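The task is simple: from the sequences and hints, build the whole structure.
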Amino acid sequence: MIATKTVLGTGLALGLLALTSACAPTGVASRLDSDVTTLSTATEGRPVAAVYDVQRVDIVVPQNLRVSEANKYYPVADIVWRGEPRGDRFAQVEAIWREAADRATSGMGQGVPVVVTVEVTRFHCLTEKTRYSVGGTHSLHFLLTVTNAATGEAIDGPRRVVADVKASGGQKAIEEEARGLTQRVVVVNRLSEVLQRELAAPVAVPMAVVETTRADSDLRLTVAPVN
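As numbered in mature numbering (1 follows the signal peptide of the UniProt record, and there is no 0), residues -24 to -1, 1 to 203 make up the sequence shown, in order.
FYI, nobody ran anything at the bench for these hints, they're computed from the structure. Careful, some of the hints might be misleading.
Stated by the list, open to error - Below, computed lysine-lysine pairings styled on BS3-like, alpha-carbon distance capped at 30 Å:
1) Lys105 / Lys148
2) Lys142 / Lys48
3) Lys105 / Lys48
4) Lys142 / Lys105
5) Lys148 / Lys48
As the list claims (entries may be wrong) - The calculated label-pair distances, taken between Cβ atoms and stated as ranges, are:
6) Asp64 / Lys105: 16 to 24 Å
7) Gln147 / Gln86: 41 to 49 Å
8) Gly87 / Lys48: 41 to 49 Å
9) Gln86 / Glu152: 31 to 39 Å
10) Asp34 / Gly63: 21 to 29 Å
11) Asp64 / Tyr108: 18 to 26 Å
12) Asp64 / Asn124: 32 to 40 Å
13) Arg160 / Lys105: 15 to 23 Å
These figures come from a predicted structure and were not determined experimentally. C-beta atoms are modelled at their ideal positions from N, C-alpha and C, and glycine is treated no differently.
Given below as structure tokens:
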């Protein structure tokens, strides 16, 4: 009696399954395989590595920066520079920055055409008294701005960048200078390194359109930045 009920139950289940299959619309699977759905959505700006074609670098050394020639351990001033004979310190600082900027951007010839502006806010290196005793830090600060060369629109900045670097003192400083590692060489190397790093740093791109395509249950995304 129990076996009969089981067979009947199984037959009923198979019949219902066949009936359900017969009622289903034909061609559903083929349409799912061939249908492609494309949606466009907006995404927030995201950081990407900057790629610039640097057209020009403008170096600005404001004439209102305070210059000190005092031979103290730490003069209160914006510009303290003893790595060259006494002269026009503004011109000397600009020349140092020009050399560093040319080196930093020499390989930047692809991407968005831009103009880079460096505004010096602090160029405080060692005095003779500090150089040949305790040493210290070359304090190098600037404002960095990157603008679109065609439109003038700001892409990055202005933002403050600190490029401080350790400055040797005493006997070590004397030995470095004997090897050609002067204060000027140290400063140019550091400024070039920092400027190159900052120009390659990630920046936020404008909101983008994301195209979403679904085909055969395969999701593909294409991100297109908005110009």
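Now for the hints, and whether the structure bears them out:
Of the supplied pair hints, the one linking Lys105 and Lys148 holds, its CA atoms being roughly 14 Å apart against a limit of 30 Å. Proposed proximity of Lys142 and Lys48 is supported: the alpha carbons are some 18 Å apart, at most 30 Å. Among the hinted pairs, Lys105 with Lys48 is consistent with the structure: their alpha-carbon atoms are about 6 Å apart, no more than 30 Å. The suggested pairing of Lys142 with Lys105 holds, with an alpha-carbon distance near 16 Å, which does not exceed 30 Å.
Of the supplied pair hints, the one linking Lys148 and Lys48 holds, its CA atoms being roughly 20 Å apart against a limit of 30 Å. Roughly 22 Å separates the CB atoms of Asp64 and Lys105, a value that falls within the hinted 16 to 24 Å. Distance hint check: the CB atoms of Gln147 and Gln86 are about 46 Å apart, consistent with the given range 41 to 49 Å. Checked against the given bound of 41 to 49 Å, the beta carbons of Gly87 and Lys48, roughly 46 Å apart, stay inside it.
One distance hint, 31 to 39 Å for the beta-carbon pair Gln86 and Glu152, holds here, with the actual separation near 37 Å. Asp34 and Gly63 have their C-beta atoms about 23 Å apart, which keeps the hinted 21 to 29 Å range intact. A hinted range of 18 to 26 Å holds for the C-beta pair Asp64 and Tyr108, which are about 24 Å apart. Taking 32 to 40 Å as the suggested C-beta distance range, the pair Asp64 and Asn124 conforms, at roughly 33 Å.
For Arg160 and Lys105, the hinted distance range of 15 to 23 Å is satisfied, since their beta carbons lie about 19 Å from each other.
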